[in-house]
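Colleague: Here is how the chains run, residue by residue.
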Amino acid sequence: MAEQATILIVDDEKVVRDSCYRVLNKDGYRIETATNGDNGLQKIRKAKPDLVLVDLMMPGMSGMELLEKIEEIDPNIVSVVITGYATIETAVAAMKRHTYDFLQKPFTPDQLRIVTDRGLERRKLALQSARLQREKEMIRENFISLVSHQLRSPLASVKQYLVVIRDGFTGDVSASQKEMIRKAGAYIDQLLKLINDWLDMSRIEAANIKEEFEPVAIDDILSEIMELLKPLAETRKISLEKHFCDGVAEVHGNRENLKQAFTNLLSNGIHYNKEGGTVTVSSTEQNGCIEVDISDTGIGISQENLHFIFDEFFRVNSKETRSVTGSGLGLPIAKRIIEAHDGTIKVVSELGKGTTFSILLPKAKR
Amino acid sequence: MNTPRILIIDDDPAFVEVTKSILESKQYSVSVAHNADEGFDRLNEEIPDAIILDIMMGKGAEGFIFARKIKKNPRLAKIPILVLTSMREQTGFFIPGEPIHPKFFPVDRYIEKPIEPQVLLDEIERLIDGRSTDAANTC
Chain D
51 MAEQATILIV DDEKVVRDSC YRVLNKDGYR IETATNGDNG LQKIRKAKPD LVLVDLMMPG
111 MSGMELLEKI EEIDPNIVSV VITGYATIET AVAAMKRHTY DFLQKPFTPD QLRIVTDRGL
171 ERRKLALQSA RLQREKEMIR ENFISLVSHQ LRSPLASVKQ YLVVIRDGFT GDVSASQKEM
231 IRKAGAYIDQ LLKLINDWLD MSRIEAANIK EEFEPVAIDD ILSEIMELLK PLAETRKISL
291 EKHFCDGVAE VHGNRENLKQ AFTNLLSNGI HYNKEGGTVT VSSTEQNGCI EVDISDTGIG
351 ISQENLHFIF DEFFRVNSKE TRSVTGSGLG LPIAKRIIEA HDGTIKVVSE LGKGTTFSIL
411 LPKAKR
Chain V
320 MNTPRILIID DDPAFVEVTK SILESKQYSV SVAHNADEGF DRLNEEIPDA IILDIMMGKG
380 AEGFIFARKI KKNPRLAKIP ILVLTSMREQ TGFFIPGEPI HPKFFPVDRY IEKPIEPQVL
440 LDEIERLIDG RSTDAANTC
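Respectively, the protein sequence lines represent chains D and V. Sequential numbering from 51 applies to the first sequence in my numbering. Sequential numbering from 320 applies to the second sequence in my numbering.
Chain V on its own, in the form it takes in the complex (with noise of 0.2 Å):
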């Protein structure tokens, strides 16, 4: 696969501008949306070969709509999303020794904020190579 594409999805500047420099480090190619509507105008132009989201954004967890109407877009459905929480950074409100991830809707990996570079690249190739083999799953 030839650089792959990734469209961020995050309305925190300061995020986007951090995830853009490692994933470009990389030789990902790299597209941005600011919020869920860019999002899908983004979707429209191209099909990334990932996306990552944060959940927080707008007024709650806009995320959440965005990630649950696009695994039921049988066109979108394939492309795994990579959440990013910053729920406890955001909210302060957290269930210690629960996982931060609430499993109600389908989502491929997540990764908590603040992210360490490396692990964010090696949950996006991880993502970008089983992604021929995982089956889209809905809940």
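Same shape as in the complex, but just chain D (with noise of 0.2 Å):
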């Protein structure tokens, strides 16, 4: 809000309009005026106002469609409803067009007083947190962006050096040396992954993927995750099995990032597995849902630590997940996906039993 607040004034009748100018011209404020809807929609175009007073009866355009212009123009600013009326009915239907406030005609020179005053106030908290609001985003732009950078480019850069280390192109290089280099390497992979997950995980949000949506064939989906984990769950010796219901169910969403669910949640029950075990991902379809079941005979999840495992960076530390390395954010990132596709995702365990996780998506509508 600049220093003056402008007041716009919008009545077909005069009398109003200046003992309305008079009052608050006193107050310092910028006033503009109009005396009709379509007069009034040119200047808070042009003006800007701050706070705009709005008689609900007018010829032409009337109040209320005026204030509907407003709220696409700028929600921000602040209306106040003049009317002669005052009912129940017309202070329900404005107020759902984000009327601020209300006169009711004749109103005294302080009434009008303290209805904008309180009525600028509000404009100033709203614009000042509409500020603040980009500014955090601002920050957290920012901040993505330092990550990558800062820390990816380095990283990769001594990864390059280690591999022209390692073939042996800067000199010879013996069998011991070449597995440290290795481990080195696989360090740095593992920070990579770390970067890019959470990387990932800050894009996630709803509104940003909401854009990308389109009709996913969630079996589809999951048949080609299963093919792609096929070789880690052979390696583990754990068998996949699937149970897809008949049909095929869509959901409205992005393809990509339902696929990086799965594959989380997928890898997770084939890492936290035992050997010999099973992987079973069942689909079925009720009440307008789709249900994804992935349940493993695996490890289990103890009751006390079943609570964090949605947390960003928690990891059951025990005997049996002490070898599999993970970053801690596969699930939170699980999490946001689902939820981001208006779903949800629900966990049971039993400590050396195993775990299940049940998705629910809301299927795509025809």
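Hints listed in this document are in silico derivations from the structure and should not be mistaken for laboratory results. A hint or two may mislead.
[Claimed, not checked] To list a few chain D residues with every Cβ distance to chain V over 12 Å, as calculated:
#	residue
1	T140
2	A141
3	K155
4	P159
5	Q210
6	D217
7	A225
8	E229
9	P265
10	A267
11	L290
12	S368
13	S373
14	D392
15	G402
[Stated by the list, open to error] Distance windows between CB atoms, simulated:
#	chain 1	residue 1	chain 2	residue 2	range
16	D	K292	V	R445	40 to 50 Å
17	D	E335	V	H353	53 to 63 Å
18	D	K186	V	Y429	29 to 39 Å
19	V	P332	D	C339	35 to 45 Å
20	V	K345	D	E400	52 to 62 Å
21	V	V438	D	E261	34 to 44 Å
22	V	V438	D	E277	38 to 48 Å
23	V	H353	D	E400	42 to 52 Å
24	D	E400	V	P332	50 to 60 Å
25	V	Q437	D	F363	20 to 30 Å
26	V	V438	D	A267	46 to 56 Å
Given the structure is predicted, the values throughout are model-derived calculations rather than measurements. C-beta: ideal position from N, C-alpha, C; glycine also.
The task is to assemble the complex, starting from two chains supplied on their own in separate frames and drawing on the hints.
Modeller: Listed below in structure tokens is the structure:
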């Protein structure tokens, strides 16, 4: 809001415009007036007022219509309705259009002052919060780019040097040196994966990914993922089973994000399993939803840890999990993605027996 | 062909050093430019057998503009370009499942950073061998 607040008065009665003008002008506001809705709309676009006083009963465009248009132009403009017939119905109708307050004709100069002062105070807060919101977003985005540039590039360079040494381009390398370089490289990969996961996580905001929603056949994604994870399952001697419902249930969603969510869940089922174990993926349709269950016969999660598994960076620390590397972001990412699709994810687990994740996603409307 | 000459254009000294040492180990003669302007200076001095170009240079994708200019210059259009992309590394943004390299400017081959030495050598060899048969395409 500029130093001097701008107030627009839209009323077809000259006497109302003039009296408002006199009162508010004395208080040092910049005043604009309009005699009807169309004229008011022009002035709103040109003068960008902080507060608009709108008469509900005007020839031409009605006050209600004007309120709707104000809301479209800038929802932070505070509007106050002037009405000669303040009934509950008009009050409700106007409030639905985000009107801030009322002035019932006839009103006194003091009533007008109180209502405008309060309205402008509100405007100030609204603008302030919008500014803070913008700043917060900028900080977040800067941070994302800082992480991607400043952390990743040096790591990538370190890795590149290691590869060149490993492959003997700078001279002979002994077997034991090679092995150490391989290990160093694996740690760098782990770090890069952590950074990538964290970046993915920051980017998965419901508002962002919804723009790319399309019909996605869940069973197709699940089959694809199972195919991709087959080699991993085989090396760990885990068998993958699927029980899909008939028909091609589709959700409205972002294919790649959903794939990532289910990949995280399935690979957890493989990693935290026992040799010779099973991961079963099943899908069923019910009440306009698709339920996907991913069950493993693995090590399970204790009741006290179960509360934390969707927390960022949380990892169960036990003898069985020590050999599995991970960032502690797989489940939080999956949860975020499912929730961005208006879905839910639940988990039941028994230590030593296995874990089942149940995902509910709303079916796409045809 | 005796010692093929390769021009590396990349503003990242670490990658330049690494790429250079890989190529020199295989008897390539390597010259280096750290930005597009230097790249054109080098090209005025001599025409290399291939260019290795990083697209994410300077403030943005300076390499894109560089590649486009080369392909529009009749004297340079036939030099094969191997593009190094680190789109994902640099920006963190990529579209899963889609080729990293958007086909909106004509280059001959591309590989993604970090590079595997053998892949780099294979690609360079393929570019230099195929140069005589490949018609320079423009968009």
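Colleague: The structure should be examined with respect to each hint, and the outcome stated for every one.
Modeller: Results for each hint:
1. T140: holds (50 Å)
2. A141: holds (49 Å)
3. K155: holds (57 Å)
4. P159: holds (58 Å)
5. Q210: Not fine: 5 Å to the nearest Cβ puts Q210/D too close to chain V.
6. D217: Answer for D217/D: violated, closest chain V Cβ roughly 5 Å.
7. A225: Given that every Cβ of chain V is farther than 12 Å from that of A225/D, nearest at about 19 Å, it holds.
8. E229: For E229/D, whose nearest Cβ neighbour in chain V is about 18 Å away, the distance exceeds 12 Å, so it holds.
9. P265: holds (17 Å)
10. A267: A267/D clear of chain V: closest Cβ-Cβ about 15 Å, beyond 12 Å.
11. L290: Given a closest Cβ separation of 22 Å, the condition holds.
12. S368: Fine: 33 Å to the nearest Cβ keeps S368/D off the interface.
13. S373: holds (26 Å)
14. D392: Given a closest Cβ separation of 22 Å, the condition holds.
15. G402: holds (36 Å)
16. K292/D with R445/V: 40 to 50 Å: For K292/D and R445/V the Cβ distance comes to about 41 Å; the hint holds.
17. E335/D with H353/V: 53 to 63 Å: holds (59 Å)
18. K186/D with Y429/V: 29 to 39 Å: holds (37 Å)
19. P332/V with C339/D: 35 to 45 Å: Violated, at about 55 Å.
20. K345/V with E400/D: 52 to 62 Å: holds (58 Å)
21. V438/V with E261/D: 34 to 44 Å: holds (35 Å)
22. V438/V with E277/D: 38 to 48 Å: violated (25 Å)
23. H353/V with E400/D: 42 to 52 Å: violated (60 Å)
24. E400/D with P332/V: 50 to 60 Å: holds (55 Å)
25. Q437/V with F363/D: 20 to 30 Å: 36 Å Cβ-Cβ, so the 20 to 30 Å window is violated.
26. V438/V with A267/D: 46 to 56 Å: violated (35 Å)
The structure shown violates the earlier hints numbered 5, 6, 19, 22, 23, 25, 26.
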